[in-house]
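**Q** One letter stands for each residue in the lines below.
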Amino acid sequence: MRLSAVLLFCAASLTLAGGVSVRSLLFSSESASNFVTVQPQKPLDLSAFTLCLRLATELKTEQREIILFAYRTKYYDELNLWRELDGRIGLYLSGDGVFFQMPPLGSLQTHLCITWDSLTGATSVFMDGKKSLTKIYQKRHNVRSGGQIIIGQDPDEYLGGFDANQSFVGEISDINLWSNVLPDTVIKAMADNGNTVQTGDVIDWSVANLEVTGQVNVVNRDM
Amino acid sequence: MRLSAVLLFCAASLTLAGGVSVRSLLFSSESASNFVTVQPQKPLDLSAFTLCLRLATELKTEQREIILFAYRTKYYDELNLWRELDGRIGLYLSGDGVFFQMPPLGSLQTHLCITWDSLTGATSVFMDGKKSLTKIYQKRHNVRSGGQIIIGQDPDEYLGGFDANQSFVGEISDINLWSNVLPDTVIKAMADNGNTVQTGDVIDWSVANLEVTGQVNVVNRDM
Amino acid sequence: MRLSAVLLFCAASLTLAGGVSVRSLLFSSESASNFVTVQPQKPLDLSAFTLCLRLATELKTEQREIILFAYRTKYYDELNLWRELDGRIGLYLSGDGVFFQMPPLGSLQTHLCITWDSLTGATSVFMDGKKSLTKIYQKRHNVRSGGQIIIGQDPDEYLGGFDANQSFVGEISDINLWSNVLPDTVIKAMADNGNTVQTGDVIDWSVANLEVTGQVNVVNRDM
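Protein chains in written order, with this note's numbering: chain A, 1 to 223; chain B, 1 to 223; chain C, 1 to 223.
There's no promise every hint is true.
Because identical chains share one entry, a pair is satisfied inside a single copy or across any pair of copies.
Mimicking EDC-like on lysine to aspartate or glutamate, the simulated pairs with C-alpha atoms at most 20 Å apart in a straight line are [what the hints assert, rightly or not]:
id	residue 1	residue 2
1	Lys139	Glu171
2	Lys130	Asp117
3	Lys188	Asp128
4	Lys135	Glu58
5	Lys135	Glu157
6	Lys130	Asp222
Don't read these hints as lab results, they were simulated from the structure.
Please construct the entire structure, taking both the sequences and the accompanying hints into account.
**A** See the structure below:
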C-alpha cells in the first residue's frame with residue numbers, strides 16, 4: 001500500500017508537470033479605458049464562494065489602491081476585491097469591506113484566493129497557499145446575480161465610471177470562482193503545483209469567454 | 001505506460017540527485033580585464049529564447065550596475081542582461097531595454113531565467129522558479145548571429161571596451177540558452193532540483209567551450 | 001536495479017519523516033564559563049570538510065560577535081566559525097578568515113553549513129539549504145589533529161581564555177562534521193527534511209560524547 005501511494009504521488013506530480021496553458025491578461029499601463037469582461041459559466045447567486053487568481057504588479061504599497069476583481073450589479077459592488085492603499089487585501093460584498101494585512105504583492109506572481117461562507121460569515125485569504133486568520137463578515141448575506149464581471153477597472157456604475165487611479169497595472173490570470181469554500185489543502189495544491197487542479201464552477205478560466213476593451217494583451221502562460 | 005513514465009521520472013530525479021557537477025565561474029575582484037568567452041553549440045539566430053543562469057554576488061543594490069550576460073555583434077548589444085543600479089533586472093535586445101523589479105540578488109545563489117518570444121513580444125523573468133509579470137518587448141525582432149558571448153564584462157565593441165565599474169564580481173554558473181520559451185514548470189523544476197534537468201540547445205553549459213582571460217577561477221559545483 | 005533504488009529512495013524519504021530525535025544545547029545566558037566539549041569519532045586531520053549545525057540566537061547583528069564552533073590546537077585556531085559583529089559568517093583556518101554576507105541569524109532555527117576543499121580552496125556557506133557564492137580560501141592548507149572541539153566559548157588557549165562577550169547564547173544542535181565536501185543536494189535535503197540524512201564521519205552528533213561544563217541544558221529535539 002505504501003508503494004502504491006508513492007507511485008500515485010509520483011504519477012500526480014508527473015501529470016501536473018505536463019504543461020497546462022492558461023490565458024493571462026497584461027495591463028501594461030494605467031488607464032480608465034482598458035478592461036476585460038468575463039462571462040461566467042452560471043449566474044453569481046452565491047451563499048459561499050472561493051475566488052482565486054494569480055497576479056503580479058509593480059505598483060507599490062502606499063502608491064495607490066488597485067482593483068483586482070469587480071462584480072457589479074446595477075446599484076451594488078456585489079463582490080469586489082482590492083489591494084488597498086496600505087497594502088491590505090479588501091473584500092467588499094455590497095457595503096463596507098473586510099480587510100486582511102498580507103505580505104506585499106510584487107512583480108513575482110502571487111497566487112491569491114479568498115473564501116467566504118454566508119452561514120458563518122467566515123472569510124479567509126490565502127496567499128501562495130498560506131491561509132490568513134479568519135474574519136467574520138457579512139453573515140447570512142447573499143451575492144446577487146445579474147451583474148457584470150470586470151477585470152482591470154472598478155466600475156462605479158454597471159459598466160463605466162472608471163478611474164485610472166484605481167486601475168489594475170500588471171499581469172493577472174487563472175481567475176476561477178467556485179460556489180463553495182474549497183478545502184485549505186486544495187488551495188495549497190493549486191498554489192504549489194502552478195495550475196488550477198480544479199477549475200471553478202462559476203468562472204472556469206479555461207473556457208470562460210473574455211471580451212477585451214482597449215489595450216490589454218492576452219498571452220498564453222504555460223503552467 | 002503511466003507507470004513506466006513514473007519510474008522513469010523517479011529514476012531521473014534520483015540520477016539527478018546523484019550529483020551532477022557543473023563548472024562555476026568565480027570573479028573574485030572588480031576588473032576591466034577578467035572575462036570568459038563562451039562558445040555556443042549553434043549560432044544565436046533567435047526568434048525566441050530562454051536564458052538561465054545561477055549567480056551570487058555581494059555587490060549591493062544601489063552600489064553599481066552589473067553585467068550578467070553579454071552577447072554582442074559588431075555594432076549591437078544583441079542580448080545583454082543586467083542588474084541595474086536600482087536593482088531591477090534589465091534585458092537589452094539591440095536598443096532600449098525592458099526592466100523588471102525583483103527581489104535583490106545577494107550572496108546566496110539565485111536561479112535566474114529570462115524568456116522572450118518574438119511573435120508576441122512576451123518577456124518574463126523567473127527568480128528561483130517564481131515568474132514575474134510578463135511585459136511586451138521587441139515584438140517581431142530577431143536576435144542576430146555572428147557575435148561573441150562574454151561573461152564578466154560588458155563589451156562596448158566586439159570584444160573590448162570594458163569598464164571595471166560594470167564588471168561582474170561573484171559567482172556565476174549553469175548558463176544555458178534555449179532557442180524556445182520553456183514551460184514555467186520546467187523552469188521551476190530547474191530552480192527546485194538544483195540542476196538543469198535539460199541543458200540548452202544553443203548554449204549547453206555541460207559541454208560549452210569556455211575560454212578564460214585574466215583572473216577567473218573555474219571550479220566544479222556539485223548540484 | 002534502478003527501480004529498487006527508486007523505491008529505496010522513496011522509502012528512505014518516508015522513513016526520515018518519521019521523527020528523529022537529536023540532542024540540543026541551550027546556552028541561556030552570557031558567560032565565560034559555560035561550554036561543551038565534543039569528542040569526535042576520529043582525529044581532525046582534514047584536507048576538506050563539511051561542517052553543519054542548527055542554531056538560533058536572540059543576539060542581534062551589530063550587538064556583538066558570537067563563536068559558533070571552535071576547534072583549537074595548542075597554538076592555532078584550527079577551524080573556528082563565527083557570526084561576526086556585522087552579521088557576516090566568518091571561517092578561520094589558522095590565521096585570517098574568509099567572510100560571507102548572509103541573511104541574519106535569528107530566534108528561528110537556521111540550518112548552517114560550511115564546506116571547504118584544500119585542493120581548490122573552494123569555500124561555501126549554506127543557509128537553510130541555499131548556497132552562497134564560493135570563495136577561494138586557504139588553498140593547499142590542512143586542518144591539523146590534536147586539538148579540542150568546544151561549543152559555547154572561544155578558547156584563546158588550548159582550553160581556556162574565554163571571553164563572555166564572544167560566548168554563544170541561544171540553542172545549537174545537530175553538529176556534524178564530515179571529512180569531505182557534501183553535494184549541494186545532500187545539504188539541501190538535510191535542511192529541508194529537518195534531519196541529518198547522513199551523520200558526520202568526523203563528528204557524528206547522534207553518538208558523539210558531549211561533556212558539559214557550567215550551565216548548559218541538554219534537551220532532546222524532535223526533528
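**Q** For every hint, state whether the structure bears it out.
**A** Hints versus structure:
no. : hint            : verdict
1   : Lys139 - Glu171 : between (32 Å within a copy, 18 Å between copies)
2   : Lys130 - Asp117 : within (19 Å within a copy, 31 Å between copies)
3   : Lys188 - Asp128 : both (7 Å within a copy, 14 Å between copies)
4   : Lys135 - Glu58  : between (28 Å within a copy, 11 Å between copies)
5   : Lys135 - Glu157 : neither (29 Å within a copy, 31 Å between copies)
6   : Lys130 - Asp222 : between (23 Å within a copy, 13 Å between copies)
The structure is inconsistent with hint 5 alone, although it conforms to all the rest.
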